[in-house]
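Peer 1: Residue 0 is where the sequence shown starts when you use numbering that gives the first Met the number 0, and the numbers rise one by one after that.
I should point out that these hints are in silico values taken from the structure, not numbers from a laboratory. One thing to keep in mind: the hints can contain errors.
Claimed, not checked - Beta-carbon label-pair distances, calculated as ranges: (1) 286 with 235: 31 to 39 Å; (2) 151 with 329: 37 to 45 Å; (3) 99 with 344: 41 to 49 Å; (4) 301 with 98: 43 to 51 Å; (5) 37 with 209: 39 to 47 Å; (6) 37 with 344: 44 to 52 Å; (7) 309 with 346: 28 to 36 Å; (8) 177 with 214: 16 to 24 Å; (9) 156 with 311: 14 to 22 Å; (10) 314 with 177: 37 to 45 Å; (11) 58 with 151: 36 to 44 Å.
For every residue, glycine included, the Cβ atom is placed at its ideal position computed from N, Cα and C.
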Amino acid sequence: MSIDSALHIRTPGGSYPVLVEPGVLVQLPAALQELGLQGKLWLICDAAVEQLYAQPLVEQLAIAGRKVELFAIPSGESSKDLSVAMQIYSWMIAGAVERRDTVIALGGGVAGDLAGFVAATILRGIAFIQLPTTLLAMVDSAIGGKTGVNHALGKNLIGAFHQPRLVLSDTDTLASLPPRELRSGWAEVIKHGVIRDAGLFEALESAGGHAFAGNFAAIIRRAAKVKVDIVNVDERETGERMLLNYGHTLGHAIEAAAGYGELLHGEAIAIGMHLEACMAEQLGMVDSAFVARQKALLQAYGLPTVRSASISTEHILTLTLRDKKVASGKVRWVLPTGVGSAVVRNDVAEAIVREVLGMAHNLS
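Required output: the full structure, derived from the provided sequences and hints.
Peer 2: Laid out in structure tokens, this is it:
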């Protein structure tokens with residue numbers, strides 16, 4: 000396996016390469032050999048990629064002499080549930096899973112989070128590999144070891160940190176991604192520009208909503224590097240890694256309030272980013288020009304910035320208090336201070352949040 004161009008995670012929980020290249024999936028058999036992973040492979044995939052990528056991958060691994068079992072989960076956020084995890088546990092236990100085996104996730108963030116959670120918990124933890132096939136997963140969810148499932152009262156409330164042994168992001172797989180899913184992924188790319196990389200933000204602006212028409216892999220790799228660099232200094236989200244939650248506090252609440260599946264994750268995060276930028280403006284942290292600039296970029300990539308009026312402000316506020324970042328009953332907000340920088344605040348008055356939520360569904 001060639002790792003000359005790889006990004007590298009180096010944390011107490013594990014060190015591994017993150018490869019972002021076209022055609023990189025073909026390196027998987029050699030990578031398994033190099034990593035010394037010799038047991039059975041448990042491939043968990045999204046049903047949407049089963050025929051496109053999972054079946055050919057199983058054949059490729061079989062040719063390399065590897066034993067592979069395949070489990071396809073239904074597409075969509077509803078699969079990120081303990082009931083689905085239980086089905087996978089039963090499948091693996093009935094198939095005589097051993098501690099030397101490896102779970103492989105193939106698909107988007109749902110498949111990665113769910114499969115990672117299973118890998119973290121079955122037999123008290125076995126090896127795990129991420130093969131993301133969505134833009135959102137490539138730049139965010141497949142990197143950093145967060146795994147988990149949703150609860151009816153909130154997103155990602157049940158989970159574990161479990162670092163993968165390898166992340167292979169084959170950008171060729173994005174050619175088959177539905178347009179809405181691709182647009183959803185741009186939310187996380189834009190978020191990385193806002194919180195850490197002004198040059199990335201400017202490159203996305205220059206592309207005018209058509210970053211995929213240029214050096215797609217380079218843009219994705221640059222966005223992934225933001226996540227890698229932050230995880231390397233804060234694996235367990237005790238400090239700087241919280242910045243990655245920009246847009247997520249209100250975004251997760253809106254996603255849950257709308258009903259999982261109504262909004263794609265990136266769509267909800269885009270709305271959350273706009274609302275949280277409005278909060279920062281109210282606090283004097285950014286000016287209206289920043290809010291307008293970020294909003295224009297989100298919209299250029301086909302992302303929403305308006306929440307549905309049918310979701311009550313009270314419901315959203317209730318859900319924010321269940322956010323994982325709440326400490327001593329206070330919501331810790333990630334708010335921008337400009338393009339390329341953000342901070343964590345726990346002193347935002349509820350009145351400001353209410354004001355922003357109250358006007359949000361009237362803004363276009």
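Peer 1: Give me the numbers of the hints this structure contradicts, sorted from smallest to largest.
Peer 2: 2, 10
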